[in-house]
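Asks: As you go down the protein sequences, you meet chains P and V in turn. Using the numbering used here, read the first sequence as starting at 1 and increasing by one per residue. Using the numbering used here, read the second sequence as starting at 1 and increasing by one per residue.
It should be emphasised that the hints constitute simulated quantities derived from the structure, not laboratory data. Since we're looking at a predicted model, the values are computed, not measured. Among the clues, some could well be false.
Unchecked claim - Distance windows between CB atoms, simulated:
#, chain 1, residue 1, chain 2, residue 2, range
1, P, F378, V, G635, 47 to 57 Å
2, P, T362, V, Q385, 57 to 67 Å
3, P, D379, V, K414, 35 to 45 Å
What the hints assert, rightly or not - Distance condition first, Cα-Cα at most 20 Å in a straight line; then the derived PhoX-like pairs of lysine-lysine:
#, chain 1, residue 1, chain 2, residue 2
4, V, K169, V, K184
5, V, K542, V, K569
6, V, K380, V, K225
7, V, K607, V, K633
8, V, K169, V, K474
9, P, K153, V, K633
10, V, K54, P, K153
11, V, K435, V, K169
12, P, K261, V, K607
13, V, K335, V, K266
14, V, K183, V, K169
15, V, K347, P, K261
Note that beta-carbon positions come from the ideal geometry of N, C-alpha and C, so glycine has one too.
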Amino acid sequence: MLHKNYDVIIAGAGSIGTPTAMYLSQAGLSVLVIEPLASPGQASNKHAIGGIRATHSDPSKIYLCERSIDIFSTWKETYGDDIDWRAGGYSFVAYDEAVETTLKSLLDIQHQMGLNIDWHDTQDILALMPQLDPVGLRGGTFSPEDGSASPLKSGFAFWQKAQQAGAEFHFNEKVSDLIVENNRITQVRTDRGQYACGLFINAAGGWARQISNMVGIDIPIEPDCHEAAISEPVQPMFNAMVVDIRERPGSSNFYFYQNPKGQIIFCMTPYPQVWGNRRQNSSSFLPMVCKRLVEVMPVLGNIRVRRIWRGTYPMTPDGNPIFGPVEGLDGYLIASGTCGQGFMLGPGTGQFLTNVVLGNLTSVEKDCLHKLRYNRSFDSKELLK
Amino acid sequence: MPDNRIKSHPILIDETTASIPFYWNEQLFHAKPNEMISSALMAQGVTVFRHHVKDKSPQGIFCANGQCSQCMVIANGLPVKACMTAVTPDMKIVPADGLPVLPQSNPAFTPSKFQRTVEIEVLIIGAGPAGLSAAVQLGNAGANVLLIDDKNQPGGKLVLQTHRFFGSKQAVFAGTRGIDIAKKLADQVKNISNFEIWINSTAIGVFEDKTVDVYRDQKEVVHVKPEILLIATGARERSLAFPGNTLPGVYGAGAFQTLVNRDLVKPCQNLFIIGGGNVGLIAGYHAIQAGIHVAGLVEAAPYCGGYKVHKDKLARSGVPIYTSHTVLEARGSEKVEQVVIAKVDEKFQPIPGTEQVYDCDTLLIAVGLEPVDEFYSAAKEVGMQVYAAGDAKEIAEASAAIFSGKIVGSEIAKVLGKDVPEIPAIWKETEEILKSRPGKLYEEYYPEKQEGVFPVFHCLQEIPCNPCANVCPKDLIFIDEADIRHLPHFDLERIDECIACGRCVATCPGLAISLVDFRNREGSALVSLPVEQDNPNIEVGKPIQATDIEGRILDEFTIDKIKSVAGLKDGTRLISFEAPVELAKRISGFRIIEPSQAQAFEGEPLKPEDIDDQSYVCRCERITAGEIRRLIKAGVRDINQIKAVTYASMGACGGKTCLNLIRRMFAAEGIPLAEVTDPPVRPAFVEVPVKDFVEMDFKEGGQNAA
Chain P
1 MLHKNYDVII
11 AGAGSIGTPT
21 AMYLSQAGLS
31 VLVIEPLASP
41 GQASNKHAIG
51 GIRATHSDPS
61 KIYLCERSID
71 IFSTWKETYG
81 DDIDWRAGGY
91 SFVAYDEAVE
101 TTLKSLLDIQ
111 HQMGLNIDWH
121 DTQDILALMP
131 QLDPVGLRGG
141 TFSPEDGSAS
151 PLKSGFAFWQ
161 KAQQAGAEFH
171 FNEKVSDLIV
181 ENNRITQVRT
191 DRGQYACGLF
201 INAAGGWARQ
211 ISNMVGIDIP
221 IEPDCHEAAI
231 SEPVQPMFNA
241 MVVDIRERPG
251 SSNFYFYQNP
261 KGQIIFCMTP
271 YPQVWGNRRQ
281 NSSSFLPMVC
291 KRLVEVMPVL
301 GNIRVRRIWR
311 GTYPMTPDGN
321 PIFGPVEGLD
331 GYLIASGTCG
341 QGFMLGPGTG
351 QFLTNVVLGN
361 LTSVEKDCLH
371 KLRYNRSFDS
381 KELLK
Chain V
1 MPDNRIKSHP
11 ILIDETTASI
21 PFYWNEQLFH
31 AKPNEMISSA
41 LMAQGVTVFR
51 HHVKDKSPQG
61 IFCANGQCSQ
71 CMVIANGLPV
81 KACMTAVTPD
91 MKIVPADGLP
101 VLPQSNPAFT
111 PSKFQRTVEI
121 EVLIIGAGPA
131 GLSAAVQLGN
141 AGANVLLIDD
151 KNQPGGKLVL
161 QTHRFFGSKQ
171 AVFAGTRGID
181 IAKKLADQVK
191 NISNFEIWIN
201 STAIGVFEDK
211 TVDVYRDQKE
221 VVHVKPEILL
231 IATGARERSL
241 AFPGNTLPGV
251 YGAGAFQTLV
261 NRDLVKPCQN
271 LFIIGGGNVG
281 LIAGYHAIQA
291 GIHVAGLVEA
301 APYCGGYKVH
311 KDKLARSGVP
321 IYTSHTVLEA
331 RGSEKVEQVV
341 IAKVDEKFQP
351 IPGTEQVYDC
361 DTLLIAVGLE
371 PVDEFYSAAK
381 EVGMQVYAAG
391 DAKEIAEASA
401 AIFSGKIVGS
411 EIAKVLGKDV
421 PEIPAIWKET
431 EEILKSRPGK
441 LYEEYYPEKQ
451 EGVFPVFHCL
461 QEIPCNPCAN
471 VCPKDLIFID
481 EADIRHLPHF
491 DLERIDECIA
501 CGRCVATCPG
511 LAISLVDFRN
521 REGSALVSLP
531 VEQDNPNIEV
541 GKPIQATDIE
551 GRILDEFTID
561 KIKSVAGLKD
571 GTRLISFEAP
581 VELAKRISGF
591 RIIEPSQAQA
601 FEGEPLKPED
611 IDDQSYVCRC
621 ERITAGEIRR
631 LIKAGVRDIN
641 QIKAVTYASM
651 GACGGKTCLN
661 LIRRMFAAEG
671 IPLAEVTDPP
681 VRPAFVEVPV
691 KDFVEMDFKE
701 GGQNAA
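Based on the sequences and whatever the hints tell you, model everything.
Replies: Rendered as C-alpha cells:
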C-alpha cells in the first residue's frame with residue numbers, strides 16, 4: 001500500500017541527510033527522511049569528534065567545508081541555539097623533516113583556494129600551544145578560521161530546524177527496496193511502508209553501498225572503524241586542533257583538541273585500516289592513542305580518560321566523498337562516502353545538494369559535482385586526511 | 001575541629017589511630033592508615049568537598065563506593081575520587097572548585113611494574129559474597145583463578161554489615177555477622193593454590209578482543225584474557241530526584257554504612273531515611289548502634305518492603321516510620337538542614353496539607369538497588385563466555401549471593417572440565433529460597449502458657465532464616481528444614497527442658513525473640529531481650545521503656561541484669577527486667593531514642609514544575625528533571641538524544657546514577673520502556689590517567705623513548 005508521495009526521500013538521518021533535509025524543506029520541498037536508528041545522528045554522526053576545517057587538499061572539499069564553516073560559525077546568531085562552535089584553528093605540527101616538507105608543499109594550493117593557513121616556526125607554534133613537547137618541534141601550519149562544534153548539539157539543531165520547515169522523519173524504519181520504473185526511482189519500500197518520491201537521496205553513509213546495490217549501482221564505500229577518547233574536563237589550555245601526521249606502529253594520523261567544556265578529545269587513524277561496522281572498542285586503542293598523546297603533549301599524561309567509543313568512516317578509495325546523480329538512472333542522488341568528514345561537510349553539502357536538486361548550480365558547484373561523481377577513477381589521494 | 005570518629009561501638013573494634021598527617025585547605029588533619037580521603041575528611045567535620053563547575057553548588061559524598069564521582073577533590077594536584085583514594089602522608093588536599101587545573105609538569109614514566117597481558121582460566125570481577133564463594137568453589141576444583149576488586153580489602157559490602165545474617169545456617173553462615181562472614185570467606189580463598197587476588201584493581205572495560213582491562217593497583221592498566229569471565233560486581237544504589245537532592249548530607253544508605261561500619265566515622269547527629277526496604281531499615285539500625293539519632297523514615301508504599309523484623313527493630317527503638325509518605329524536598333544552603341515529607345495518595349501523589357518538616361543533618365536515600373551488569377552485557381556482546389552471580393545477576397540478600405556464587409563457581413568448574421561432583425538439585429532450591437522476598441505475614445500470636453521459661457517469637461513474617469533452630473542446645477526450636485521460610489516454633493510439650501540459656505535470643509538476626517521466665521515469681525515474669533547497643537542509659541538499675549512489636553510503649557521497667565550469652569562473644573548481650581505477667585509476652589523491645597518532633601510547615605508547597613526544576617537527575621552534569629521531562633514531552637524517545645542535548649550521563653560516572661532515573665521518568669510519563677532506546681555503555685568504567693595506559697620503551701640510562 002502506498003502511503004504518501006514526497007518530493008524527496010532521504011535514506012539516513014546522519015551528518016549529510018539531516019542538514020540536507022533541513023535545506024530542502026526550507027526550500028519548500030516535501031521531504032521524508034528514513035532512518036533505521038531511533039533518532040538523528042546515531043550511526044556515525046555522533047561519533048565525530050567535532051573538528052571542522054576547510055584546510056584540505058581537494059578544491060571541492062575545501063569549497064564545501066568553507067560553506068559549512070559559514071553555517072556553523074553563524075548558527076547561534078541566526079537560530080539562537082548554541083552548538084558550541086569555536087574558531088580554535090587547526091595546527092598540523094612537524095616533528096620531522098618529511099612532515100615539514102609535506103605540509104609546506106600543500107600551502108600553495110591552499111593559498112590558491114584562498115585559505116587562511118600559514119607556516120609558523122617553533123616559537124610561534126609553542127606560543128599557541130605551550131604544552132607541546134618542544135623537543136624536536138620544527139614548527140607547523142596554523143589555520144585560525146578552522147574550528148570545532150558539538151556534533152551532538154549540531155545534529156539535534158539541524159533536525160529541529162528540518163522538522164520546523166516541514167521535513168518528516170521516520171525513525172526505527174529501514175529501506176528494504178527501491179522501485180525503478182522507466183529508469184527512474186519512483187518508490188521507496190521499507191519494513192513499515194511504501195512511499196512515492198520524485199527524488200531519492202542515498203545519505204546512508206557506511207550503509208550506502210547496500211542501498212545503492214538495490215538498484216544495481218555499486219559504489220566503492222566501505223565502513224572503516226575508528227576509535228576516539230575523551231578526557232575529564234580541566235581548565236582551558238589551548239584552542240587549536242593539533243594534528244600529528246607521522247606514522248606510528250598501528251596508526252597514521254593522530255589529532256586532538258580541548259573542547260569548550262575543557263575536555264581533551266583525541267583519536268587516531270588506525271594503520272592498517274580496520275574494516276567493518278564494529279562498535280565495541282579494541283583493547284589496543286587506549287595504549288596506542290595515549291602514547292601518541294604524551295608523545296606530543298607530555299603533560300596530558302596527567303589527565304584522566306573518561307570514555308572511549310568507536311564509529312565508522314564511510315571510506316572511498318581516494319578519500320573524497322561521492323556526491324551526485326547516476327548516469328542512466330533518474331531520481332537518484334548519491335550523497336555518501338564522506339570518509340570521516342561527514343560532520344564538517346554536512347551543512348555545506350546540504351546547501352550544495354539543495355542547489356543540485358533545484359538545478360541552480362554555480363560553476364564551482366558544477367566542478368564539485370564533476371569531481372565527486374560516483375564513476376570517477378578514484379586514483380587521486382587526499383593528502384590531508 | 002570536630003572529632004567524628006566512633007570510639008566505642010557495640011560490635012566493632014578498631015585499634016588503629018589517626019596517625020597520618022595530611023592537609024585540607026592547608027589545615028593539618030590526620031587520617032588512619034589506608035583510610036580513604038572521604039572518610040578522613042568527614043571524620044574531621046568536612047561535608048562539602050567541592051563546588052560544582054556549572055553553578056557553584058556545594059557537593060559532598062553520594063555513593064562512597066567509587067561509582068558516582070560526586071566526591072571529587074584535588075589531592076596533590078590531581079583530581080581524584082575522595083572515596084576511592086587513600087590518604088598518603090602529608091597529602092595536600094583541596095576542594096575541587098570549578099574546573100581543575102591540570103598539573104603542568106610532565107608525569108614520570110617508569111618501567112612497568114606489572115606484566116601487561118595476563119592469561120587466566122577464570123577472571124572474577126568483584127570480591128564480595130558471590131565472587132569470594134565462587135572463587136572458593138573454583139579454586140577447590142583446581143581452576144586457575146584471578147579475582148579482582150576495586151576496594152582495598154576483599155568482602156564487598158559484607159564489610160559494612162554489622163548485623164547477623166539471615167538465611168540458612170547450613171548453607172550460608174546465617175546468624176553470623178556480615179563482617180565476620182567476609183573474614184571467613186577471605187580466609188578460605190587464602191588457602192587455595194592457583195589463586196590470585198588483586199585488590200585496589202578496577203575493571204575498566206570489556207573489549208572486542210575478549211579482553212578485560214584492569215586498572216591494577218590504581219597504577220597501570222593491564223589486559224586480562226580469561227577463558228571464562230564471572231561478573232560478581234554486586235549492585236549500586238538507586239537514586240531519587242527531589243529538590244535539594246544533591247545537597248551535601250544527602251547520600252546513599254550504602255555510603256552511610258561505609259562511613260559508620262567500615263570506617264567507624266560518625267558522619268552526623270540526626271538522620272532521616274528515605275526508603276523502607278532492607279537497606280534503609282538496616283542503615284537506620286546501624287545508625288542507632290553508632291549513637292546517631294534517627295529522626296524518621298519515609299516509605300511511599302503502604303508498608304515497608306524490607307523484612308518486618310528489621311522494621312520492628314527500628315520502630316521499637318523509637319524511630320517514627322511513615323508509610324504512604326514521600327519526601328518533598330531537602331532544605332539547606334551548604335548542607336541539608338531539614339526534610340519536608342508529606343502523605344501520598346494511592347497514586348503516590350503528595351496530599352496537600354499533610355506536609356511535615358523535620359530537622360536532620362543527613363538524609364539517606366535507600367530506594368533500592370540495581371545490578372552492576374554492564375560488564376556482563378558487554379562481554380555477551382563480544383562473545384565471551386561469561387557468567388554472573390549474586391546481585392550482579394539478581395538483587396537479593398547477601399546470603400543468596402553467597403549461595404549463588406557457590407553454584408555458579410561449580411558450574412564454571414564443570415564447563416572447564418574440572419573433576420567436580422554434580423551440582424545437587426537441592427542447591428538450586430536453596431538458592432531460590434534464599435532469594436525469596438518477604439512472604440506471608442501472620443497475626444500477632446503468643447502462647448497461652450504462663451509458667452516455666454520459654455522463648456517468645458516476635459517473628460511473624462515468612463523470610464528465609466533459621467539460626468534460632470540451630471542454636472538451641474536442647475533442640476527445642478523447629479523450623480521446617482525443607483523450607484526455612486516457615487516460622488519458628490518452640491516445643492511447648494518439652495518446656496521443662498529449656499535451660500534459659502538465651503542463645504536463641506542473642507542469635508536471632510531480627511532481634512525478634514524474647515525469653516520469658518515465669519518461674520518463682522508472683523504475678524510477674526522476668527523478660528530478657530537482646531541488646532546490641534553501647535548506650536550509657538542501658539545499665540543495671542536504670543529505667544527502660546518496654547514496647548510491643550510495633551514500638552508502642554507498654555510500660556517502664558528497671559533493668560535487673562545485663563549479661564553476655566555463653567559461647568557468643570560478638571557483641572550481643574541480654575538485658576532482663578521484671579514485668580507483669582499480662583504484659584510479659586508482648587514485650588519485644590525497648591525504646592532507645594526520643595522521637596523527634598515535626599516543625600510546622602510554612603508557606604505553599606512547591607509547584608510540580610518548580611519541583612522538576614530543582615530536582616537533579618544527572619549529578620555530574622547537573623541536569624534537572626525539568627530539562628529531561630520537557631524533552632520527553634516533546635516526543636524524544638531515544639535516551640541517546642537526551643544525552644546529545646543535555647549531556648546527561650556524559651559526566652564522570654557515565655550514567656551510573658541518572659540513566660535509571662531517566663528510564664523511570666519515561667515510565668512516569670506513561671511511555672512503555674519498550675518504546676525507549678537505551679544508550680550504549682562504553683569504557684572506561686572509571687576515569688584513568690592517560691599515563692597509566694602507556695607502556696614506555698625504556699632505553700639504557702632510564703631515558704623515556706616513546
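Asks: Name the hints, by number, that the structure is in violation of.
Replies: 1, 3, 5, 12, 15
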